[in-house]
Every structure is written in C-alpha cells, then in structure tokens.
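Here's the letter readout for the chains.
Protein chains: 2
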Amino acid sequence: MALSNPTSIGLFDSGLGGLTVLRGMLRALPGHNYFYLGDNARFPYGTKGTDTIVRYARECAHFLLSQEVGVLIVACNTASAAALHVLENELSIPVIGTVGPAVRQALARSRSGNIGVLGTNATVASEVYQQAIRAADATTTVSAQACPLFVPLVESGMLRGEIVDKVVELYLAPLKERGVDTVILGCTHYPLLLESIQAFMGPDVAIVECSDAIAQDVVSLLGEHATPTTAGSVNYFVTDEVGRFNFLASAFLEGQAVNAVRIDSF
Amino acid sequence: MALSNPTSIGLFDSGLGGLTVLRGMLRALPGHNYFYLGDNARFPYGTKGTDTIVRYARECAHFLLSQEVGVLIVACNTASAAALHVLENELSIPVIGTVGPAVRQALARSRSGNIGVLGTNATVASEVYQQAIRAADATTTVSAQACPLFVPLVESGMLRGEIVDKVVELYLAPLKERGVDTVILGCTHYPLLLESIQAFMGPDVAIVECSDAIAQDVVSLLGEHATPTTAGSVNYFVTDEVGRFNFLASAFLEGQAVNAVRIDSF
Chain A
8 MALSNPTSIG LFDSGLGGLT VLRGMLRALP GHNYFYLGDN ARFPYGTKGT
58 DTIVRYAREC AHFLLSQEVG VLIVACNTAS AAALHVLENE LSIPVIGTVG
108 PAVRQALARS RSGNIGVLGT NATVASEVYQ QAIRAADATT TVSAQACPLF
158 VPLVESGMLR GEIVDKVVEL YLAPLKERGV DTVILGCTHY PLLLESIQAF
208 MGPDVAIVEC SDAIAQDVVS LLGEHATPTT AGSVNYFVTD EVGRFNFLAS
258 AFLEGQAVNA VRIDSF
Chain B
8 MALSNPTSIG LFDSGLGGLT VLRGMLRALP GHNYFYLGDN ARFPYGTKGT
58 DTIVRYAREC AHFLLSQEVG VLIVACNTAS AAALHVLENE LSIPVIGTVG
108 PAVRQALARS RSGNIGVLGT NATVASEVYQ QAIRAADATT TVSAQACPLF
158 VPLVESGMLR GEIVDKVVEL YLAPLKERGV DTVILGCTHY PLLLESIQAF
208 MGPDVAIVEC SDAIAQDVVS LLGEHATPTT AGSVNYFVTD EVGRFNFLAS
258 AFLEGQAVNA VRIDSF
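Residue numbers (my numbering), protein chains in the order written: chain A, 8 to 273; chain B, 8 to 273.
Bear in mind the hints are in silico, worked out from the structure with no lab data behind them. Model, not experiment: these values are computed from the prediction. Some hints could be false.
In silico lysine-lysine, DSSO-like type, Cα no more than 30 Å apart, as pairs [claimed, not checked]:
| hint | chain 1 | residue 1 | chain 2 | residue 2 |
| --- | --- | --- | --- | --- |
| 1 | B | Lys-173 | A | Lys-173 |
| 2 | A | Lys-173 | A | Lys-183 |
| 3 | B | Lys-173 | B | Lys-183 |
| 4 | B | Lys-173 | A | Lys-183 |
| 5 | B | Lys-183 | A | Lys-173 |
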C-alpha cells in the first residue's frame with residue numbers, strides 16, 4: 008500500500024481515551040502532523056451494539072480522510088474490535104488498531120501464558136482479544152473481564168481513591184484469583200487507572216497497554232518517512248462542545264494546551 | 008391547545024431512565040397507547056453540551072410526532088432542562104417535562120424549604136431546577152449536586168451494594184451536611200438507586216421523583232379524555248440494538264416483557 012501523505016497521521020476515539028495513544032505517538036514520532044477526532048457527541052462507544060459502532064467508526068474515518076491523513080490509527084479498543092476489518096477493507100490508506108499491538112506486547116511479557124484482558128462490554132463480547140491471543144499462541148489461557156464503570160470513572164475525573172480501588176477490586180479480583188501474570192488494558196481510558204490496577208494486582212503482574220506498541224508499528228510502517236520533517240502539529244476536532252474536552256484533554260496530555268475545533272456531527 | 012389524539016402518548020429518553028416515568032403513567036393512566044423512544048445509540052445525554060442535547064431532543068420529538076402522538080412527555084431531566092422550551096415553542100401538541108412536576112412535589116413536601124437537587128452534569132449546570140424552585144418560592148435554599156456516576160451504575164445493573172453506597176455517600180454527604188429535608192431525584196435513572204439514597208439520608212428526608220407528578224399533570228391535561236378507551240398498548244423503539252434494551256427494560260418494568268423495534272438513527 009503506497010503512503011500518500013506519510014507525515015499526516017489521523018487518530019479517532021469516542022472521546023478522551025485515544026489521547027493516551029496520541030501521547031505515545033508524540034513521544035515516539037514527533038515532527039509529524041496529527042489529526043485527532045474525539046466523537047464526544049456519541050460517547051461512549053463501549054455500551055453500544057456492533058453495527059452502531061461500525062457506523063460511527065466509518066464516519067470518523069471519513070472525516071479524517073477529508074483532512075488528507077496518510078495513516079489512520081483507530082485509537083479506541085471498542086472501535087478496533089468492532090470495525091478494524093471493515094476500515095481495512097474499505098480504506099485506501101494503512102489502518103492500525105489497538106488489538107494487535109497490545110496482544111503482541113502481552114505475549115512478549117507473559118511468562119506463564121496466563122493472560123487477563125480488561126475492556127468495555129462491547130470489546131469483551133466481541134471476543135476479538137481472546138481470539139487474537141489464542142491464534143498467536145494456542146497454549147495461552149485468556150480471561151476477559153468487562154469493566155463498564157472504568158470509563159465513567161475516568162471521564163468524571165475520578166482516577167484514584169477509595170471508590171476507584173473498590174471498583175478495581177470488583178473487576179480484577181477474578182483475574183487475580185486465576186493467577187494471570189499479565190493484564191491487557193483493552194481500552195484507551197484504562198491507563199489513567201494504572202496506579203490503582205497495579206497496586207491491586209501487585210508488582211509481579213505486567214500491565215500492558217497499546218500505546219507504545221502502536222507507536223512502534225507506525226514507526227516501522229513509515230520506514231524512511233519516520234524522520235521528523237516539520238515542526239509538527241496537533242489538530243483536535245470534537246463533535247460535541249469544546250470546553251470540557253479542552254480542559255480534560257489537557258490533563259491527559261500532562262498540561263499541554265488543547266484547542267479543539269468543533270465539527271458538525273455526522 | 009387542541010388535543011388531536013389524546014389516547015396516544017409519546018415519551019422519550021436517552022435510554023432506560025424514562026421507563027420510570029412510563030411505569031408511573033401505566034399505573035395512573037392505563038388504557039392508553041404509549042410510544043416510548045430510547046435513543047440508546049447516543050446515550051447518555053447528561054455528559055453532552057446544550058446544543059447537542061437540543062438537537063437530539065428535537066429529533067426524538069419528531070420521530071414520536073410521526074407516530075401521531077397527541078401528548079409528548081420529555082421523560083429525561085437532561086433533555087427537559089436543555090430543550091423543553093424549544094420543544095414547547097416548536098411543536099403543536101402539549102409537551103410535558105420533568106422539572107416542573109418534580110419541583111411542585113418538592114415544594115409540597117419540604118417543611119424547612121431547604122431542598123437538594125441531584126442531576127447529571129448537564130442538568131445541574133443548566134441551573135433549571137435551581138431557578139424553578141427559587142421562582143416558585145424565593146425563601147427556599149437550593150443545593151444542587153451533579154452525580155455523574157449514578158447513570159453508569161444503573162446502566163451497568165449495579166443498584167445496591169458497597170460501591171453504590173460509597174458513591175451515594177460521596178454525592179449526598181454535602182447535602183446532608185447542609186441539612187436539606189427534601190431531595191429531588193433530577194434524573195429518571197436515579198429512582199433505581201432510591202434504597203441506598205434513602206438509607207444514607209435517613210427516613211426523615213423526603214426523596215422526590217417526577218414520575219407520579221408527571222402522571223398527575225397528564226391526567227389533568229387530558230381531562231375527560233383520561234378515561235381508558237382502549238385495551239392500551241406500549242410500543243418501544245430504540246436507536247441502538249434491541250437485545251440489551253429489552254432485557255434491562257423488563258427489569259425496570261418489574262418483569263413485564265419488552266419487545267423494542269429498532270429505528271434508523273437520525
């Protein structure tokens with residue numbers, strides 16, 4: 008597949024979660040032009056049905072194509088699980104999702120092959136993670152756990168404290184009991200809860216998220232084009248109002264100023 | 008305003024919450040034909056901006072008008088707070104929201120005039136409740152509290168237990184400290200958390216929700232037409248998939264079978 012515009016990279020998510028992926032990209036691949044779309048008018052995706060998620064993902068992808076991006080990152084596990092194969096088939100630019108990179112990293116880090124996956128209802132129900140792990144290594148054991156309260160906790164700014172710890176215990180206790188040695192954070196919001204998750208699972212359990220592995224994939228995809236050629240820029244777009252997005256996005260990006268542009272919803 | 012089709016009553020909500028209002032209507036006014044629309048493809052509304060909520064409310068209302076309803080109930084506090092005046096101006100049928108009925112009931116029950124209001128971020132930020140209470144009685148004191156985790160708790164089926172009690176304590180403690188004697192559940196999801204809220208506030212605090220008061224308003228609006236003339240029916244419509252809606256809706260309606268029809272999203 009030819010790379011038509013390799014310095015322009017598009018990312019989309021239902022809201023803020025994909026910013027953890029953007030953060031990884033900005034570290035690994037500065038000097039590029041990023042286009043980030045947060046579809047916050049229809050947030051969250053993880054509680055919705057597959058064909059609704061596919062429709063939303065398609066619309067987000069087409070908006071980013073209209074910005075002439077040369078690479079598309081589906082920076083949302085729910086959209087990757089439901090729609091990556093659709094986008095790969097329909098689009099003429101490379102499309103990178105979250106699942107493959109996260110699975111690769113989990114398999115590299117797990118010693119026992121006993122792996123846990125956390126995700127939204129939609130991601131866990133899709134079984135995309137379970138299938139990808141078993142396809143890569145049939146000797147592994149996979150336990151998946153839906154965590155429907157994690158996204159609302161993050162989006163309401165609640166990242167630590169007693170309630171977070173109780174919810175983490177509720178969802179992680181079954182995985183701890185099964186003795187997993189690696190846990191995939193199968194939702195781009197979940198890295199914000201890393202502190203509590205790591206504390207509950209203990210220091211010997213590897214907690215894996217996709218952002219670094221995605222950045223590696225994009226760097227190797229770009230090859231010679233992975234050298235900074237511009238000062239770099241980030242353009243933020245949202246489908247709902249900008250005020251709250253800018254405020255929370257800045258927290259995701261360690262204080263960096265964010266000035267999103269509102270686009271008409273699809 | 009003429010009542011063109013008084014036996015057909017439309018209700019909409021972003022998802023399941025409005026079913027608490029429907030339940031009240033079915034008790035107070037059986038033998039009518041109800042049309043319930045849950046806009047679950049874009050759920051929730053309470054985290055969205057005002058103009059996005061107005062757009063969604065308008066689209067839901069127009070769908071219900073296409074079903075030839077004679078009365079429209081905005082069975083969602085967030086949509087009532089943001090869009091009731093818009094719908095009242097634009098539509099040619101009577102429109103009833105949640106705020107007025109809930110405020111009326113709270114003022115009737117409060118002895119001290121020290122009233123608390125719970126709602127979504129959007130409802131609390133709109134200040135619609137605060138203004139309506141003070142407009143009705145300038146001597147009252149109103150404390151409003153946004154409860155962004157309540158809707159996710161209800162939608163994930165978590166209605167009681169330690170986590171619910173901790174979240175209830177987090178949001179209700181400031182109201183308890185201020186000595187409110189009445190609390191308005193300013194979101195149609197919140198009645199599902201009544202047990203925990205009442206337990207935390209104690210038996211002397213009145214907990215008010217809008218559904219009975221709405222039913223009273225509709226009965227008095229219909230006047231002579233409030234007599235059952237048919238066997239009655241309920242037609243459910245959703246914008247996302249039906250399976251999970253039917254399952255959870257049945258729990259909201261005390262086991263009654265629900266068979267929703269999916270409509271194209273707007």
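Go through the numbered hints given earlier and state which of them the structure violates, listing their numbers in rising order.
Violated hints: none at all, because every hint is consistent with the structure.
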